[in-house]
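Residue numbers (our numbering), protein chains in the order written: chain A, 1 to 306; chain B, 307 to 612; chain C, 613 to 892; chain D, 893 to 1172.
Keep in mind that the hints were calculated from the coordinates and are not lab data.
Idealized CB from N, CA, C, for every residue including glycine.
Derived Cβ-Cβ restraints for the label pairs, each shown as a range: (1) A:PRO93 <-> C:ASP775: 46 to 52 Å; (2) A:THR205 <-> B:HIS362: 47 to 53 Å; (3) A:PRO93 <-> D:THR1107: 36 to 42 Å; (4) B:SER451 <-> C:THR665: 44 to 50 Å; (5) A:GLU108 <-> D:SER928: 50 to 56 Å; (6) A:ARG206 <-> B:SER451: 31 to 37 Å; (7) C:VAL626 <-> D:GLY985: 21 to 27 Å.
Reference excerpt, derived from the structure (chain C facing chain D, CB under 10 Å, subset only): (8) SER663; (9) ARG669; (10) LEU673; (11) LEU710; (12) ALA712; (13) GLN715.
Below are the chains, spelled out letter by letter.
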Amino acid sequence: MSTTPDLSVEFAGIPLRNPVLTASGTFGYGVELEPFLDLRRLGGFVAKSLTLEPRHGNPPPRIAETPAGMLNAISLENVGVEAFIEEKLPAVPDGVPVIASVFGTEIELYAEVCKRLTGVPKVAGLEINASCPHVKAGGIEFGQSPDALGRLVRACRQATTLPLVVKLSPNVTSIAEMARVCEGEGASGIAAINTVQALEVDVETRRPMLSNGLGGLSGPAIRPVALRMVWQCAQAVSIPICGVGGISTGEDAVAFLLCGATAIQVGTASYLNPAAAGEVADGIAAYCERHGVASVRELIGALEHS
Amino acid sequence: MSTTPDLSVEFAGIPLRNPVLTASGTFGYGVELEPFLDLRRLGGFVAKSLTLEPRHGNPPPRIAETPAGMLNAISLENVGVEAFIEEKLPAVPDGVPVIASVFGTEIELYAEVCKRLTGVPKVAGLEINASCPHVKAGGIEFGQSPDALGRLVRACRQATTLPLVVKLSPNVTSIAEMARVCEGEGASGIAAINTVQALEVDVETRRPMLSNGLGGLSGPAIRPVALRMVWQCAQAVSIPICGVGGISTGEDAVAFLLCGATAIQVGTASYLNPAAAGEVADGIAAYCERHGVASVRELIGALEHS
Amino acid sequence: MSDAVTPAAPQRCVLRVRSNEPERGCIRLVLEAPDSWPAAAPGQFVMIHLSGTGVARHDPLLPRPMAAFRLTGEGSTEPDGTRCLEVLYKVVGRGTALLAECQPGDSLALVGPLGVPFPMPQPGEEAVLVGGGTGIASLFELARTLRDAGAPLRVLLGARSQDDLMALADFEALGVPLELATDDGSAGHHGLVTAPLEPWLGAGSPLRIYACGPTPMMVAVAELAEKAGHPCHLSLENRMACGFGICLGCAVRSRGDALHLVCRDGPVFDAKELDLGALP
Amino acid sequence: MSDAVTPAAPQRCVLRVRSNEPERGCIRLVLEAPDSWPAAAPGQFVMIHLSGTGVARHDPLLPRPMAAFRLTGEGSTEPDGTRCLEVLYKVVGRGTALLAECQPGDSLALVGPLGVPFPMPQPGEEAVLVGGGTGIASLFELARTLRDAGAPLRVLLGARSQDDLMALADFEALGVPLELATDDGSAGHHGLVTAPLEPWLGAGSPLRIYACGPTPMMVAVAELAEKAGHPCHLSLENRMACGFGICLGCAVRSRGDALHLVCRDGPVFDAKELDLGALP
Ligand SMILES: Cc1cc2nc3c(=O)[nH]c(=O)nc-3n(C[C@H](O)[C@H](O)[C@H](O)COP(=O)(O)OP(=O)(O)OC[C@H]3O[C@@H](n4cnc5c(N)ncnc54)[C@H](O)[C@@H]3O)c2cc1C
Ligand SMILES: Cc1cc2nc3c(=O)[nH]c(=O)nc-3n(C[C@H](O)[C@H](O)[C@H](O)COP(=O)(O)OP(=O)(O)OC[C@H]3O[C@@H](n4cnc5c(N)ncnc54)[C@H](O)[C@@H]3O)c2cc1C
Ligand SMILES: Cc1cc2nc3c(=O)[nH]c(=O)nc-3n(C[C@H](O)[C@H](O)[C@H](O)COP(=O)(O)O)c2cc1C
Ligand SMILES: Cc1cc2nc3c(=O)[nH]c(=O)nc-3n(C[C@H](O)[C@H](O)[C@H](O)COP(=O)(O)O)c2cc1C
Ligand code: FES
Ligand code: FES
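Just chain A, with the same shape it has in the complex:
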């Protein structure tokens, strides 16, 4: 009866087998999941945010559970861009587009990392993490001020010829305004959202649950907030959007596509189920078959709303 639906999309100039990417910082460097999931079932993966030098991050505890969500304050621990290129990338199977996530505490450092990653085989695009809510100096300012964000995107845009995705912070009054700034500075796409700044307290010890105090909230709890922000971005700009936040099923992903996302990322769900991203891709296919959708592209922005 029904033929297999076409799941392919093009996001920010990168052709993807299907719309499912993994979210930065929730999929290691791509190989840790191998016992559970063939990476080739996915559209691609976004690696843990890279800084110019290796970074250690915060002391434990770094994670805490919240209702239908979790807090983290890993603080961008990573091996550094060199080690990523030398040690991590070679292990990624061929044919899996890698989007490298870039972070820095100053604009120049972001631009340096972008330069270093340009031309490296397997790296199909860059995602600028302008939105880490718990690094004291850094992300938060770029992600929360239109001016600073504009300068950051401009510098990165000049530093690379690769597709440039900007990942936005949800901790703003108007995410649409931030998306417009990115579009104006030549970004190829938007990823929304990063974690929502939050706090959890252990009433027995009277201390925050995380050593850092504040952390970032992720998981199903934030999905309706992410969905709203993706919809607002889609109304505001014409560059493609990648939806992130609390996605754990094919239906969740379809909701983001309907709201205007061209691709989506699976984050926290992979912790509970290392095969989650693959199951989300299968779930999108099943939805398309059930609803007679020939190409997943028909779903993008197809929300009916008076």
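Please build the complex by placing chains B, C and D with the ligands on the supplied structure of chain A, with the hints as guidance.
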């Protein structure tokens, strides 16, 4: 061994038997819960937001469930300030402080409602709802722009001699800045937070779950966000803060007190359990007894954080 | 018969699951009701919380409304005479799927009975009960009460196919006049439940119509009743957050453009009060 | 004996609960393991997801790490010879309280076995296993493996009181040299488990110490071992989100200020590698 802990606090000049209030719009006009809960077990209650004229609100569906949360777009349906005073207030048992919540689509309308409520018996204070995220004209602008918020608080402050609490929107880049504006204009206290703007989609019908499209997210899902914002407000201002967002147990309430709240409000939890607010009050007492806390006031702002 | 029963004050209570077994057209949840648990009047409902009663889970967050199908006990159908509240439900989404996972021995928190019951027929009126889908569950207590009082009634039940006809055996056991309709003709009339209804409407004797089921069915019944000049009561099945009038989530529009709360002003409404075109 | 067993590749699998009964000091969860479920090496653990396997619940969200206490089956202790994974746990918070609510017949999703196992003693070394609290569960498979291999070992177990001594009967059944210590003196030495450890440390023969338990206990054991010059392995029990190295949530600091992941580089660490003062 341990004597009964002293739960009394003073919030915005209003003496409360205990720190537990009910959140506006989640407790009707106070009498609906009578079969389940003696109002006199609470510190007081905040009534559904009142406008000058009665309001009908949005067509159904107006609510939807989300992971550990719910969306609503009731859109400030209420009986109007006159009917509240004439028909609803007389039914509230004596000795229960009532905080009337005030809403308007223009600053003058807010001020009118404040005036009308001033001097009315049982009304112990006013809460300015500067933050309803799903009314198209109205709350959202006041709650999201420091200038507009300042003008609103000034007008209300001039219109009443009652204690004036301002309820803030979480949909802002810096809630601390908004709290400082309120303090500067003479507000007696801050309530944080109102619902987080969000969207939920029915993928079968490809329509938003709410007739209004966007709605406000409440319930346990937003608790860590509310806690963060209360903590940020407490760092920013010296007027007292009332914590709202996802509270359903005594421990949840204690976390808000530790983060600097003087009182708290129970909202969505009352839907699942009409006696929830009473159980939160009991839970705070039990916590104090277990930890040898003689007065609940010792907990306010007692978070240990390096 | 004349006026409605005055409903008992609602309570919140934890009830033990005695059984939760699939049967024709539905799952029958049998809950052990303490003596303090109030009997529901016909048409009333309960809110069932799905997150267990031990360690609180916050997902799913909201309770689900379900008709109080029947309270057994005093004259119980349970073999050992235990007082039990029965609820009949279909799995349509996440909440009901989780309810279906409940095992005997589990506990569920309930609030109820809630809502305004069905008004009783006036003397001389014959009651015609029209049920479809899960709405059938809301009508059983009304049928039983009328039968016990010796009042004239007839019951019309509709479903997709005979396998979907919930509570059929219970209605048959009442011994009341019963007609069926199925979309596929596998039982009773082939077609909508309005087909067997129409002949009665014009028969000349005074009727009072009671309907509960999918919105299109209720609208059709209400329109037929209005045309024929018979009073008609609809029991609505809206999404609810609280069930007792504090969230304003369950509002429906009336003809005079006023808003009514299904949980507090309903679930039973005079069809004439409602703006039928605006039902969700 | 020499090197560690090469651990099997981890799997995600749904296991049926056979029983979940409280016993001395803990609850024993017995899960029916399919033949494909890999045997864990001593010291490995599993992640247990608490939100059921039918309709997904999102609260609680994260799985909980638990030592793979023992795999029975081939030579099973289960009466009918079914292959079973046993987990011994204490209720300390919300997740373990929910685990305690599981009934026989329920299903749980597990990921495992995970982590780096205990290294085996070098020839000539005697193994000294020191367990406290829930850490006792992590040591049983090591004790069994050493006993089966005829390697010399002794086991020291500590708890608050004799009622808290989990797995005592299992260790007794192994027939290995066993010493106890309790805070209240209700069983064995009155005081910390380090008391019965000290005499052995200075006895002159080469030892290899293995410890798992509360942080203060492990730190004390590690310091005594270091002073006496014996190699010492600690198995850490940190909060975890994933259990397989992708969230970086379980990091601990090493002496060289590097960070190690407890789930991937541990849970077993050479005590010398760790910054003991920085353990959570
Ligand atoms: C007064 C009253 C009495 C009811 N009595 C019964 C009964 O006796 N037996 C029974 O099986 N059902 C009854 N219902 C309907 C029942 O409440 C819903 O089927 C249930 O809430 C669906 O929950 P869910 O999580 O499984 O579905 P969801 O996942 O929430 O939704 C699945 C689908 O059902 C729709 N839906 C959601 N809530 C309701 C609702 N309250 N009513 C109708 N559709 C809904 C959704 O829009 C969606 O299309 C009654 C409803 C009311 C208001
Ligand atoms: C490798 C490994 C093996 C383990 N093996 C066992 C075992 O065999 N039996 C057993 O009973 N427990 C074991 N634990 C500990 C177990 O994981 C925790 O007790 C459990 O996660 C607590 O969950 P909770 O939701 O009940 O507690 P929470 O409500 O999450 O926390 C309650 C208290 O426990 C602390 N806590 C939370 N998570 C952990 C954790 N992972 N370890 C220690 N304390 C924690 C919290 O800080 C808090 O003080 C092991 C942990 C690890 C990392
Ligand atoms: C433990 C953890 C680490 C993360 N690290 C990064 C990171 O390095 N860079 C980044 O852009 N986002 C990071 N994120 C955010 C995720 O990529 C994602 O935006 C967010 O978690 C929301 O999606 P989710 O709800 O599906 O997890 C991290 C999230 C978590 C939970
Ligand atoms: C159905 C509903 C209606 C609400 N109506 C109002 C209102 O009229 N005025 C107001 O200030 N807040 C209103 N709120 C917001 C609550 O008062 C509260 O700020 C919010 O729900 C967060 O708290 P909670 O998570 O405990 O519910 C409403 C919330 C809900 C869920
Ligand atoms: S369901 Fe809350 S008011 Fe009706
Ligand atoms: S628990 Fe996730 S990396 Fe260790």
